[in-house]
Structures are given as structure tokens and as C-alpha cells.
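Chemist: The residues making up each chain are set out below.
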Amino acid sequence: MRFTRTSKAVGVAAAAALALSACAADTGTDSNDDGSDGEASGGAIRVVEVNAFSSFNSNTSEGNVDINGKIAYATHAGFVYVNNDLEVVQNEDFGTMEVLSEDPLSVRYTVNEDVTWSDGNAVDAGDLLLTWAIHSGYFDDAETDDEGETVSGTTYFDYAGDSSGLALTDLPEIGEDGRSITLNYSEPYADYMVAFGDMTGEAGIATPAHVIAEKAGLADEDALIELIQTAPAGDPENPEERPEIQAMADFWNTGFDTKSLPEDESLYLSNGPFIASSITPDQSMTLVRNEDYDWGPIPNVDEITVRYIGEAPAQVQALQNGEVDIIAPQASADTVEQLEALSDSGVTIEQGNQLSYDHIDLNFDGVFEDENVREAFMKTVPRQQLVDTIIKKINPDAEPLDSQLFLTDQEAYEEAASTNGSDAYDEVDIEGARELLDGATPEVRIMYNRDNPNRLNAYTLIAESAAEAGFNVVDGGLGASDWGAALGNGTYDATIFGWINSGVGVSGVPQIFKTGNGSNFNGFSSPEADELMDELIVTTDPAEQDALQVQIDQLIWDSKYGLPLFQVPGVDAYSDNVSGVEYMPNQMGIWWNFWDWSVAS
Amino acid sequence: MVTYIVRRLVTAVLILFGASFVVYQLTALSGDPLEDLRGSSAPNRDQLIQARIELLDLNTPAPLRYFGWLAGAAKCLVPFAATCDLGTSIQGEAVTTALARAMGNTITLVTTATILAIIIGVSLGIITALRQYSGLDYGVTFMSFLFFSLPIFWLAVLLKEFGAIGFNNFLRDPEIPPLTILVVAIASGLIWSLFASSSWKRKGIAFLLGAVVAAGLLIVLDLLDWFSNPGLGPIVIVITGIGIALGVVLLTAGLRNRKALYASFIIVALSLVAYYVVNPLFSSATIWMIIVFAAVMVLVGVLVGYLMGGYDRGQSMRAAALTGLLMAFVIIVDRFMVTWPAYVSNSRVGGRPIATVGAETPGLDESLWINGLDTFTHLLLPTLALLLASLASYSRYSRASMLEIMNQDYIRTARAKGLSERTVVMRHAFRNALIPLATLVAFDIGALIGGAIITEQVFAFAGMGQLFVQALRRVDPDPIMGFFLIAGILALVFNLVADIVYSFLDPRVRVKA
Chain A
1 MRFTRTSKAV GVAAAAALAL SACAADTGTD SNDDGSDGEA SGGAIRVVEV
51 NAFSSFNSNT SEGNVDINGK IAYATHAGFV YVNNDLEVVQ NEDFGTMEVL
101 SEDPLSVRYT VNEDVTWSDG NAVDAGDLLL TWAIHSGYFD DAETDDEGET
151 VSGTTYFDYA GDSSGLALTD LPEIGEDGRS ITLNYSEPYA DYMVAFGDMT
201 GEAGIATPAH VIAEKAGLAD EDALIELIQT APAGDPENPE ERPEIQAMAD
251 FWNTGFDTKS LPEDESLYLS NGPFIASSIT PDQSMTLVRN EDYDWGPIPN
301 VDEITVRYIG EAPAQVQALQ NGEVDIIAPQ ASADTVEQLE ALSDSGVTIE
351 QGNQLSYDHI DLNFDGVFED ENVREAFMKT VPRQQLVDTI IKKINPDAEP
401 LDSQLFLTDQ EAYEEAASTN GSDAYDEVDI EGARELLDGA TPEVRIMYNR
451 DNPNRLNAYT LIAESAAEAG FNVVDGGLGA SDWGAALGNG TYDATIFGWI
501 NSGVGVSGVP QIFKTGNGSN FNGFSSPEAD ELMDELIVTT DPAEQDALQV
551 QIDQLIWDSK YGLPLFQVPG VDAYSDNVSG VEYMPNQMGI WWNFWDWSVA
601 S
Chain B
1 MVTYIVRRLV TAVLILFGAS FVVYQLTALS GDPLEDLRGS SAPNRDQLIQ
51 ARIELLDLNT PAPLRYFGWL AGAAKCLVPF AATCDLGTSI QGEAVTTALA
101 RAMGNTITLV TTATILAIII GVSLGIITAL RQYSGLDYGV TFMSFLFFSL
151 PIFWLAVLLK EFGAIGFNNF LRDPEIPPLT ILVVAIASGL IWSLFASSSW
201 KRKGIAFLLG AVVAAGLLIV LDLLDWFSNP GLGPIVIVIT GIGIALGVVL
251 LTAGLRNRKA LYASFIIVAL SLVAYYVVNP LFSSATIWMI IVFAAVMVLV
301 GVLVGYLMGG YDRGQSMRAA ALTGLLMAFV IIVDRFMVTW PAYVSNSRVG
351 GRPIATVGAE TPGLDESLWI NGLDTFTHLL LPTLALLLAS LASYSRYSRA
401 SMLEIMNQDY IRTARAKGLS ERTVVMRHAF RNALIPLATL VAFDIGALIG
451 GAIITEQVFA FAGMGQLFVQ ALRRVDPDPI MGFFLIAGIL ALVFNLVADI
501 VYSFLDPRVR VKA
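Residue numbers (the numbering used here), protein chains in the order written: chain A, 1 to 601; chain B, 1 to 513.
There may be inaccurate statements among the hints.
Pairwise CB distance ranges, derived in the manner of DEER restraints [as the list claims (entries may be wrong)]:
(1) 97(B) - 370(A): 56 to 66 Å
(2) 35(B) - 232(A): 46 to 56 Å
(3) 120(B) - 83(A): 49 to 59 Å
(4) 232(A) - 46(B): 40 to 50 Å
(5) 64(B) - 233(A): 33 to 43 Å
(6) 85(A) - 167(B): 41 to 51 Å
(7) 541(A) - 97(B): 43 to 53 Å
(8) 35(B) - 538(A): 32 to 42 Å
(9) 186(A) - 60(B): 32 to 42 Å
(10) 178(B) - 83(A): 50 to 60 Å
(11) 370(A) - 46(B): 30 to 40 Å
(12) 370(A) - 35(B): 26 to 36 Å
(13) 35(B) - 365(A): 18 to 28 Å
(14) 426(A) - 35(B): 31 to 41 Å
Source of the hints: derived by calculation from the structure; they are not laboratory data.
Glycine residues also receive a C-beta, built at the ideal position from the N, C-alpha and C atoms.
Hey, can you work out the whole structure from these sequences and the hints?
Modeler: See the structure below:
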């Protein structure tokens, strides 16, 4: 009895279900109102970055992270940018940079009319003046002791860039049109082209003066201009309190730091091609077209989404899965191999050099005091073999670097490399080294970062080759946390590490090679080269700069300084969804020409 | 008891002090925060180094710096004062903000995996214990240890390759090749035969049945183009519902309890009605609507069970309520499936739904259903990876504990007095077998917030593990200390909770004050 009731129940239910089966419930999903980007014309591109965005101000020492710089580059405009031939290109649609006189150097910057921030406020002399005040360290009056502790005064704006160029300028004059300022240098400055308003280095004109004025409690932008013009320059001898400047600096230093999109739109004003539209902290960020923008290269795409993926294999698989369009992973042989396997499915790989290069430097004292010993050691360094084993897997076109001052991507490289005598070290010359050593077996301690596989490989090959010529090589490798502190402390005879060439400008040259300077770790000293470097940093003509650098390069090689080894390789890859991506050696990477990116139809 | 808890709490605080000091020192010693600047050729190198030294207060020795941090952290103890200061990261973000965000992300990532691992792991353990030394037992043991020993980063790469890239490629043209059908059929047959009891004849039948069902299902799904337009529809919902009702009643009341069975069937019938009623409403659903719907289904189940009345109506109520909950789940799953084509064809998804990285498709801001699917497709692979890796511990623990219980005298007594096997297993053995697991679960919940460092890294998931790793890379002590505080406090608290819960669950264990 019960059993039949069960079957009835089941039967009724089944019959009901069958009867109703023809009509599934009304879910309202048939009228598919998708098409979120239906009307958009340029499409969207998804780019991968390793680090997560953390600040709308990429110029402070806290905000100075590669990704912040790239976002700032895409959301601001300036007078010049650097292209992937490492040449400085002027953006005359934004404004003009006129050299009024070469000596004394005087440069006038004028913003074009109708250039505005995304809130409608004009980009004008106030913005230029504020940028100058921040980047020149004009108000700083801090004095520090030997340990680096501030003993008196204040460093106002925590600017991470190099102030040495603008520090040579007086308080600028504002032009009558209200859109221009004139910088008068006290002496010619070699890198004046990129000293102010450079999009690549400092995101152009990136700080809206009217916002800073408001946030610092000033009446308006005019009050800010007045304040900068009337406050005296900082003097470490007589430090003074400047509460208003301090308020501005406090806000500038930290007020733009954020991992999410601020409610207050004035914190992320754009005067460039794109403007931030949404951020998911530590995951992704979306930039959309700044509709007003027409002062500079106009981007093809309407939207750029940046996703942060740290691991290179994860980047490659995300590209393969079509989740992202462009990746620039940390270059390694494995990554390149994985990418090459994808070339069938429409992935294009771009390989090239980065601006950093590894080199071996010999100390000018201790065992290497004798020039012959230095030369003998240099003859044993297997530069071609290093490139073949370490770099070729990542960048098949790589060659040993033949200049201490130029990178292969720079125009003057060929000239320098062919005249500086580097060809003597193209091949290992054990016999020649033995002759120079004349039976001696000097003990050489080589210091390097043991935790960096490339440096370890380089050390192993160099030590092997040097031992053949009779050198008694001692492994002085240190861990990642210690090697940096050991630079220049005299506990080693030679060191293998990397420099980063700025690619543009020459002010980095004396920092490494001038007698007694901060990054001159091996005690290189050449009065002749010092003189040429003094001349170099006041030479504004690019051709003359190159000529001087070729001479300095020659002097360095002649002194048996050590050897540049190779440029660190870089790789990026993009799917067939996009076109227009071009390799760039500097820190801007693929972003340098984001306006050329377009979505393949 | 109170004295015991207080004593444990005091020890916990002391442990935290000691451990945080050690962790702070270890972090400070873990690297050179100036490494990148020392070898810099920038003209303003010295200035940059000085700025970093000031930012991180490097001129103060680390043991002293610890007390600076402690002074800020101590303010967190003041209740409701909102003065908590755990410092800031190198990039200037308050650690409290970063922690809150990372914890939220980690909880979304790990919760599902942990719950599933507990449910599946415990069930597997119980089943294998009941069939000790059978093919099923060996099979499950082998698989769980295999997944346990696989490095998770490698497992993740495989999952991405086949689960995401391979499956998305398949979706472009969803046609299942005959070879695949054959392989799946054989695999399914093998699994079925593992579950069948010992005799070879029954194993053979199970194998055939399993193979035919799997192959038939795949062919039908293929013909219906189900992978492009998935959905259950009313028929499948009802068939599933009948299965659910039978299973639930079997486990909770036994099929002999007709009242419970009818109550569950009535719920299945009602849920078919509900399917038609709620689906139009679901078009503008919110998460609360779904929760209310599930709650209503449960309440209706309780009501129906109550109205069925009879002897021990509690059993009917439980069975019907559980059936109601599961039916609500089925209806919601069906709704998600129906939304699938709209999700896949969304321009931001671009026809490749299963994701390999991140927690969401950036910029996708549509209905609850589409964004729900988006979360599903992003969490699927990391959840699978975590699940597979953590199955082993649960299944082994619960198997061992179940085996021990099944050999106890009281189980024999229960059988001897004529209780059905279901009652013996579900009532007398299963519940007691869960007691030792309470410790394990409590520990795991404590560890859950600590994040899954490698999984997060491989799937580019911004949780606690990432927070820790990235801070460690920058030699940035404050975020690490924040991470440590949360992870450490949770470990200590859940340790305590595990001990207390244990004494409640098992009267033989008494806490001595």
C-alpha cells in the first residue's frame, strides 16, 4: 500500500516534470544586453606588470617604482620623451622648449594654449614653477653629518630624481602669457634637455599646482606662485622654518600614495592621453582615454588594463590563455623557451638589451696596482664565452659589450668600440697573459653576488680562465644581502657587478669614473679623464658630448680599468590581438610608445 | 576551566612577544634594504640612500627598532580607540589597510578549498575505512598521497595547461573526439568498479555500467552542445532532486522511514515549483536574495517534515530541510549555468572563460550571476590545487579514526542489539570518529588566514602569502610583522579553541584547572 503511494508520488512528479520540460523557467537571459564596449572604437589592451601600482606620484622616493612611473607616463604629458633609439624627442604639441642662449644657458619652456588638466584647469606657468621648485630642491636647507643623519634644516620635497641640473638654475621668470617659464643656468648643463618636463624620466609636468595649493591650505594657484617667488632659497647655513612650503611638501610626499582609486578626483588628475578609471588593489588597474587630450601622440586604444603578475611562468600562461595581450616578464632562458613554444599560436617575442650591464672592475691598488697584472688578467677574461653561455639563450643577437660609456643601442657606440682598444680583449689570450705575468702567480680575490646565477656563472668562467694563466683566484662571492655593502671596502681585488646606464644624458659618467666620486669603487683616477668629464658635464651639444665620451672611454680602456662584459638581456611578448608594440631598453619598457598600440581587428 | 583559559592566554601573550621579537630580527637580517642603491650610478645615489635610511630608520639597530614598532602595535590593544598603528610599508601604505585587504582575498581563496577538502576528505576517509584493504581503499590512498606529494607549483602549472588553456581551446569548438569519450568511459568504469563490493562479477557489472553511463552522458551532452549552452532544466532538476532525496533520507533516517522519504519528495516537488517562481525574480538578484531563498527552502523543509508528523518527526524535519537546502543549491547552479553563454561571450572574457591568474576579470561589472561566474572561473584552478594537496591529511586522519572506532566494543554491542548498519555507522561510529578531527580542523582554520604562499604566488592572487613574500623581498619589516601578528594570534587562539572543544566533545578528556 505504502509502496504504491510512493510510486504514485514519484510518477506524478515525473509526469509533471515531463509536461513542463518543454518550457524551462523564464530566466530573462535570452535578451542578452551585453556589449559593454559595443560602441567603443579603439578597443582595449591588457598589459602585464610585475609590480603593483602604489602611488599617483612616481617622483617621491616611496613612489619611485617602475609601475608608478609607467602609469604616470601614460597619464601625463611633458616637453620631451625618449624613444627606443635612446634619443630625446620633443613633444611640440604640448609645448616648446627654446634655448634662448647657450652660454650662459637659458631655456624657455612654454605650454601651448588649451592644454588642460582633466578637471579643466589649464596647465600653465604655475604648474611649471611648482615642478621646478620640487625638482630643483630650491628650498632645501638640510645639513647632514657623516652618518647621513640630518643635523639641521629640512629637506622639503622628497624628490627621488636627480636635482643637480636644476640646482644650477635661479628662480625662474614667468612669461607674460602666464604659460611659460625661463630657466637660467649658472653654468651650462649637459643634460638640460631632460632636466625639466621629461616624460620618460619624471612623467613630464605631473603635479597640478592648483591641487597642491588647495591641499596645502593656500588660497589658490596664484598664492602658490607668489609663495614660491617670494620665499628665499634654502640656505643650509641659516635654516629657517617654512610652514607653508612644509605643508605643500608634506602633501606632495605622501598625499598621492594610494593603492586604490581615491574618491577625490583631484588626486589623479591627468594631462596626458589616459586617466585612471578603476583600481583593484594588488590585482589590476584600468586606464581610459582622456577625452580632452590632443597635445601629443594620440593613442589608438580606448582603454588599457594593467594586471600585476609576478611570476614569469604565470605571465606566459596568462598570455597563452588570452587573458592578457602584452607581457614583459623577467628574462630567463626558461621564459624565452616557453615563449618560443607559443610562436605558433600567434605570440610575437621581442628580445633585446636592457640598460644595465655587467662588468668586472679591477682595483687600482693591492695585487692589481701593477698595470701589467691588470692587463694580464683582462686578457684571460673569456668575454665571448660568457655571452655565449649566459646571454645567448635569452638574446641570440647578443655580443660582448665593448665600451665603458656607451651601450650598443646608442649611436656613438660603434665609434667608441672601434677606437678604444677593446678589440685586444675580444679573445682570450692565455699566452699573452703568461708573458705579462712572467711566472708570477698573483692571488686575486673576486667579489660578486653569489645569489645571482649570472654573476656566479661569470665568476666561474673567469676564474677558470684566469687560473690557466697562473692567477691564483680566490672566491670572494658574498650573499645578496652583503655584496652591496662590501663595494669599495678594499676586501677584494676585483668585482663583478652591474651598472645601469641612463641611456640618455651624461651626468652619470663622473659618478662612476671621476676621482673620488661616490660610485668610483676601484680607485680609478686619471687627471686627464677628470678634466674631460668636467668639460663633458657643461657641454650641451650632443655631438660634442659624444666626442668627449669617446675620448674618456679610450682613457679608461688604456688604464686597464677592467672590462664591460655584456648587457643584460630583456624580453617581451605580445599576442596577435595587438600590434604596434616595440622593444625598449630603458625602464619605460614597452610603454614608451603605448600610443602606437592598437587592437588587431 | 576559567583559570585554565586565562593561564593559556597569558602564555600566548608571552609567546607572541618573544616570537614577534625574533621574527622582527630575522626580517631585519634577511637582506640588505639598500642593495639596489649601493651599486647605482645615479648622480644622486647618496641622497637616495639617505632617503631610504631615513624611511626605514636604518641607523637605529634592529633590536631597538622593534620597540618602536611594538609601541605602535600596543595601541591596537586599546579597544574602540582606532589608534592601531602597525606601521606602513615601504610604499607608504598603512599595514592595517593592506592586512584587511589581503585577509579578505585570502579568505575567498582558501575557504572553499578548505570546506571542500574537509567534506570530501572526511567522506573518503570514512568510506575507505568501511572498506579497509579493498581496491577502493588502495586506490584512494594512492591518489591522495600522489597529490599530497606533488609540488603545488607544478600541479598548478599542469592545471593551468589542461584545465584552463586546454579547456578553453576545447570550448572554442566543443566537440568531444571519440578517443576522449573512450578514455573517460574506461576511467569512469574503473572508478565505479572500485566502489562495487568484492566479487569480480559485481565489479564487472559496475565497470560496464560506469563506462556506459559516462560515454552516454558525454555523447548526449555533445549532441546537445551542452558545453556551450549548459543548464539543467526542469527534468534534470527533478531527477537530481529524487536522487538527493533518496541519498539524504538514506543517510539521515533510513529509507524505511517513509514519512521522511515523502517529506523529502514533497520538497523536491515544491522546489520544481520554486524553480519557475524564483527564476524570473533572479534576474535582478542580490546575494541576500539568494540567502533568503535558501533559508526559505530550509524552513519549508522543516515545516513539511513537521506536518508529516508521526513518530520521531525530527528525522523527517532534518531530512526535508537538508533536501530543501540542496535543492536550492541545484536551482542556483542551474541559474548560473544558464548565464554561462552570456558570460563567455562577454567582450572582456572573450570566449576563454577559465582563467589562470587573479581573482576577477578587470572591468567586468555586470549582474550577480555573471560576476559570480567570473569569481568561479578564477577560483576554480587555485581551489582545485589546494583541495588536491590537502585531501590526504583529512582522508588519512578520518580513516584511521574511523577504523579505530569500528573496532570498539560498543560498536559490537550496537550491532549485537540489532541496530541497522546505517545506524551503527552514522549514529555510533561516524560522530565519534569526528572528535579527533576537531583538532585538525581548528588548526587548519587558524592556518587558513595565513594564506597559501606558493598557490597565491603562482596564481597571482593578492592574499596574505603575497603580502608576506613581497615585504620579505623588500626587507620591509612592518608588513611582515602585521602578517605575523595575525597568523600568530590565530594559531595560538585556535590551538586553545581546539583543546577546549575537544574537552567538550569527548567527556573522557577533562581540562584540569
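Chemist: Does each hint hold? Answer for all of them.
Modeler: Against the structure, the hints come out as follows:
Separated by about 59 Å at the C-beta atoms, residue 97(B) and residue 370(A) satisfy the suggested range of 56 to 66 Å. Distance hint check for residue 35(B) and residue 232(A): the Cβ-Cβ separation is about 39 Å, which falls outside the suggested range of 46 to 56 Å. Checked against the hint of 49 to 59 Å, the C-beta distance between residue 120(B) and residue 83(A) comes to roughly 57 Å, which is consistent with it. Judged by the Cβ atoms, the range 40 to 50 Å given for residue 232(A) and residue 46(B) is violated: they are separated by roughly 26 Å.
Separated by about 37 Å at the C-beta atoms, residue 64(B) and residue 233(A) satisfy the suggested range of 33 to 43 Å. The hinted window of 41 to 51 Å between residue 85(A) and residue 167(B) holds, with their beta carbons roughly 44 Å apart. Evaluation of the 43 to 53 Å hint for residue 541(A) and residue 97(B) yields a pass: the beta carbon distance comes to about 51 Å. Range check, residue 35(B) to residue 538(A): Cβ separation about 33 Å, and the 32 to 42 Å hint holds.
Judged by the Cβ atoms, the range 32 to 42 Å given for residue 186(A) and residue 60(B) holds: they are separated by roughly 39 Å. Remark: the range hint 50 to 60 Å for residue 178(B) to residue 83(A) is upheld by a beta-carbon distance near 56 Å. Evaluation of the 30 to 40 Å hint for residue 370(A) and residue 46(B) yields a pass: the beta carbon distance comes to about 32 Å. In this structure, residue 370(A) and residue 35(B) meet the distance hint of 26 to 36 Å, their C-beta atoms being roughly 32 Å apart.
For the pair residue 35(B) and residue 365(A), the beta carbons lie near 25 Å from each other, so the given range of 18 to 28 Å is met. Look at residue 426(A) against residue 35(B): about 33 Å separates their beta carbons, and that is inside 31 to 41 Å.
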